[in-house]
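There are 6 protein chains.
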Amino acid sequence: MGIHNYFKSLSDLEGIFRCPGKFKYQEHSVASHSFKVTKIAQFLGTVEEHQGTQIDWRTLYEKAINHDYAELFTGDIKTPVKYAMPELKELFSQVEETMTRNFIAQEIPEEFQAIYERLFSEGKDDSIEGKILAVADKIDLLYESFGEIQKGNPETLFLEIYEEALSTIIRYQELHCVQYFLENILPEMLEEGVIPYTQINKVSKHILGKKQ
Amino acid sequence: MGIHNYFKSLSDLEGIFRCPGKFKYQEHSVASHSFKVTKIAQFLGTVEEHQGTQIDWRTLYEKAINHDYAELFTGDIKTPVKYAMPELKELFSQVEETMTRNFIAQEIPEEFQAIYERLFSEGKDDSIEGKILAVADKIDLLYESFGEIQKGNPETLFLEIYEEALSTIIRYQELHCVQYFLENILPEMLEEGVIPYTQINKVSKHILGKKQ
Amino acid sequence: MGIHNYFKSLSDLEGIFRCPGKFKYQEHSVASHSFKVTKIAQFLGTVEEHQGTQIDWRTLYEKAINHDYAELFTGDIKTPVKYAMPELKELFSQVEETMTRNFIAQEIPEEFQAIYERLFSEGKDDSIEGKILAVADKIDLLYESFGEIQKGNPETLFLEIYEEALSTIIRYQELHCVQYFLENILPEMLEEGVIPYTQINKVSKHILGKKQ
Amino acid sequence: MGIHNYFKSLSDLEGIFRCPGKFKYQEHSVASHSFKVTKIAQFLGTVEEHQGTQIDWRTLYEKAINHDYAELFTGDIKTPVKYAMPELKELFSQVEETMTRNFIAQEIPEEFQAIYERLFSEGKDDSIEGKILAVADKIDLLYESFGEIQKGNPETLFLEIYEEALSTIIRYQELHCVQYFLENILPEMLEEGVIPYTQINKVSKHILGKKQ
Amino acid sequence: MGIHNYFKSLSDLEGIFRCPGKFKYQEHSVASHSFKVTKIAQFLGTVEEHQGTQIDWRTLYEKAINHDYAELFTGDIKTPVKYAMPELKELFSQVEETMTRNFIAQEIPEEFQAIYERLFSEGKDDSIEGKILAVADKIDLLYESFGEIQKGNPETLFLEIYEEALSTIIRYQELHCVQYFLENILPEMLEEGVIPYTQINKVSKHILGKKQ
Amino acid sequence: MGIHNYFKSLSDLEGIFRCPGKFKYQEHSVASHSFKVTKIAQFLGTVEEHQGTQIDWRTLYEKAINHDYAELFTGDIKTPVKYAMPELKELFSQVEETMTRNFIAQEIPEEFQAIYERLFSEGKDDSIEGKILAVADKIDLLYESFGEIQKGNPETLFLEIYEEALSTIIRYQELHCVQYFLENILPEMLEEGVIPYTQINKVSKHILGKKQ
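Chains as they are written, first to last, in our numbering: chain A, 1 to 212; chain B, 1 to 212; chain C, 1 to 212; chain D, 1 to 212; chain E, 1 to 212; chain F, 1 to 212.
Pulled out of the complex, with its shape left as it was, chain A reads as follows:
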């Protein structure tokens, strides 16, 4: 009961893995994802501000670090569900909201309840900070699915996720930071490629050749 339970629950997010069930070379917990989204949002905000947009940093950080806290209650079920049947997304949102409200009522001391209602509310609104969060969330998803495909995951789901993530990012292309991403970061990512096995032979021959 109380903040102790809230602090303890943070550790539970280390044990909830994204996209459960599907084979992955690399697992990502909700805790790690939240960390990465916050760091990505930090960079996107920096670019945006550099171009003259005014950023409310407190709001941006609040949205980013808290955006998946409700998965504590339901697990990361939305991704596979969302792709399979968009009409169910709404149902789950309601469940999450109810459980979040109950959690605040039970665990957060009264004087902070209003604040935590704001902190745990849906962050992806139409403000610049809400948009940056939406983009940062998708960039991390893009990296996750890119990583799987690049490592050789044969599951087409990851190509679908990659596609969905990139398509969503582009929907925000009026943002300076999205333009920056598309012009500077995505090309670097796409250039990366894989290491064909034959490379080992080439490198070996090259090194062995030098010895004579």
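Treat the hints as calculated values from the structure; they're not laboratory data. Every value quoted in this text rests on a predicted model; they were computed, and no experiment measured them. Hints are supplied without guarantee of correctness; some may be wrong.
Identical copies carry no separate label here, and so any pair may be met within one copy or between two of them.
Said to hold, decoys possible - Derived DSSO-like pairs (lysine-lysine); straight-line CA-CA distance at most 30 angstroms:
1) K131 with K205
2) K22 with K202
3) K8 with K202
Position chains B, C, D, E and F against the provided structure of chain A, taking the given hints into account.
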């Protein structure tokens, strides 16, 4: 598309873990749980039949091996949710049913769809086989929570799960197999205890004493 | 001592992994394997019955769910041994049998010993149910080895296992369910392929192209 | 090269585990730790602000989310080293600083280098935000060591870590948020206790007793 | 084929875990065990030599580093089997020997075959080096079982293993190094104990007390 | 305190993983690496002796089994650091040396301290045994990086490690054992290749073809 996808999905159940997020010493996948429930149901049916009850074995096995297949679509979210807010259970049941129906329509060839609708339907009905499934499911849960408490898990959730599981089992005490469980198996489990660390000193002294 | 020990031992099968030592992208426990073989046997039996063959479902389920229980005593050593030196297989079978018999004598109450001797006896006999078990066991092995090769496992052992599994399946081609597998499921599996890394570039360009 | 490498490196922090080598029941990555510290700092800042202290939220979030990024270069080596030989801490700080500077020069575009030098600089200064970070970092460490002791870890190192963490927190007791922690959160934590195994017997008897 | 296969097989020993199936808090691979046994044998030999015994160090190291290589072929099955049914040990030894001989014939170049036959032969003979190996092997087993009991493993098997290991060590008590172990190392181990949870309360109160 | 702590610390090396942070398909602990390097050094020494070189086997084994013990204190940080900034290597060596010296003073009984100073000193000197250690260490690193590339790891770091390892090995090409490695083992390794996915189709068609 088709049975190949169905066969592949069985492997996804190896990667969906029960009671996600909560710290556990030992993880159990939905695939493993289904295996254990089927083996437990097999024993319970054997006891029941030995006492003269007629068992429809085909039905019993069908119910046991398939009883959690729908978790493929939603993950194992019901347990924590159920304990926190029973009123949400219904909502999730609907989601599972819809997704199961869609899966059958998409992946199972038409000539077998009726059969798989039966196989994937809720197994815990009022038949003797449905009751044995309900008991076997709770016995495995009892063993899971017992194992955590015995290993020293400080999380009170596992005591609550143990309590809930045993209480449910007792609700079926008119069954011969439940009586057998309460009289012969549960006492053996409860006798097991822990190994106090001081035991090492005692054993060591005993062995060292013999050497002189 | 007693059924409690038997129930507890089921959990040990969650910790015995198939083909130990060899590098794998995805590990499979004996418990999970037993689950999958039972589900596959269920489908094969369904096909067979649909073609008019009479299936003794109780026997089929018994054979499938119990077929690897003896690995509890010896671990999954037979696979690598079998492929390397077929003459040793017999030796291990004897060890397994002795240990199984001892286990039944020690743990299973007298009134159920005869039943468990049947349940734990070798299931792959010449009955239709024994043949379906043999095929289901090999189909799961085929999927395991297929999964490794598809994910890029360079170990030739998995190609050998794949080859051995498919060759064994074909030996049962007089069964309707094997014909169904060869005509409908295997082609779907082979079509699946891999996702070449270049696909990411193509997808990205396609999405980026649409934005202008 | 560039921000792509920076984004990719975030994932490396998911694979760097705290206090390497020592046996732990529960591993914590640097990524997860950073997430938790940021969430804890968020709460501490909320308490502090509620008591009238002015918080620069942007600074607080920047300090919290970035505070262990340099461990990317060196791993989490400081903890065991620090406890064993405080005089070595300085050496490692230098190495971290040099490597961080090199990373910024190589990967961060020139226009953002000054900002990232600030973001990656040591956060635990004498500002209120620096103090909150110091406290939040130790609270997470307190929870990590508490969790190990509570689960039965016999390694005295964790008691030493607990002691060191709590002693450091108390050094900041002039802060409202530290007082709040000591008065409201720590007592809740200490009350939690363990579940003695005998509890299972008691619960079982209670449930079984009710059935007659 | 050849030494490349031999080198590759070393890595397989990283994936073969000791005492498979049984729940453990900490897993130990055959590769790690071989490393530890060699380090322990090094210390025991040092003690023995310090007391004037002549040690053939080459032989001691050969015996220690190679003593479990044959488990590559059969896995670590002997431990549970040995404890359950000693009469089966002989059977497995034969299998291991045959497989080792085949491996040498197939993979080791002719000019080194005689040497590898010596290296891979049973090391626990009546020489001082053979005895030190026997003791070192049991000391590591003692530490493994001690570690499990100390961490709270309720499985009595580990107490039996501890007992068997210590009893075997004592059988070699005429060795100086065993006397050293019994007088200097074992008492340190037994003193270690566990950390009762109440210690946290005591430490916390002590620290909190100092603050006023 | 004392040898008990030394023996316990061996197990910590099972939990320190090489090249932390970077994604790997297969993790290798320092304990496993030490085992493999000792086995490789054993083979290299055998080849060298076979060609008439005199090997001090005790020295060779001492160097091999102990060569990474100091990583207990610092973790495996040198590899990534070394590749990024060679000038930092020296700093870390100093830290390791100081910590090793302190460990010996604290834990090793006085009569054995001189011996353990020798055992824990840098082994890669100009003696034939020091050179064999240097080569064996790099051969294991070569296998580790080869394994990652062969399994499809897209991280160029592993190609750089492979290159660095092979280049170092060649620097010792005056050794008979290095010549043996380059002529007999490396070609076998390079021949191994990958299994193109199309192989499955070919094998399947071949087997299916035979059935008619």
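Status of each hint after checking the structure:
no. : hint           : verdict
1   : K131 with K205 : between (51 angstroms within a copy, 23 angstroms between copies)
2   : K22 with K202  : between (35 angstroms within a copy, 24 angstroms between copies)
3   : K8 with K202   : between (52 angstroms within a copy, 22 angstroms between copies)
This entry satisfies every hint, going by the numbered hints stated previously.
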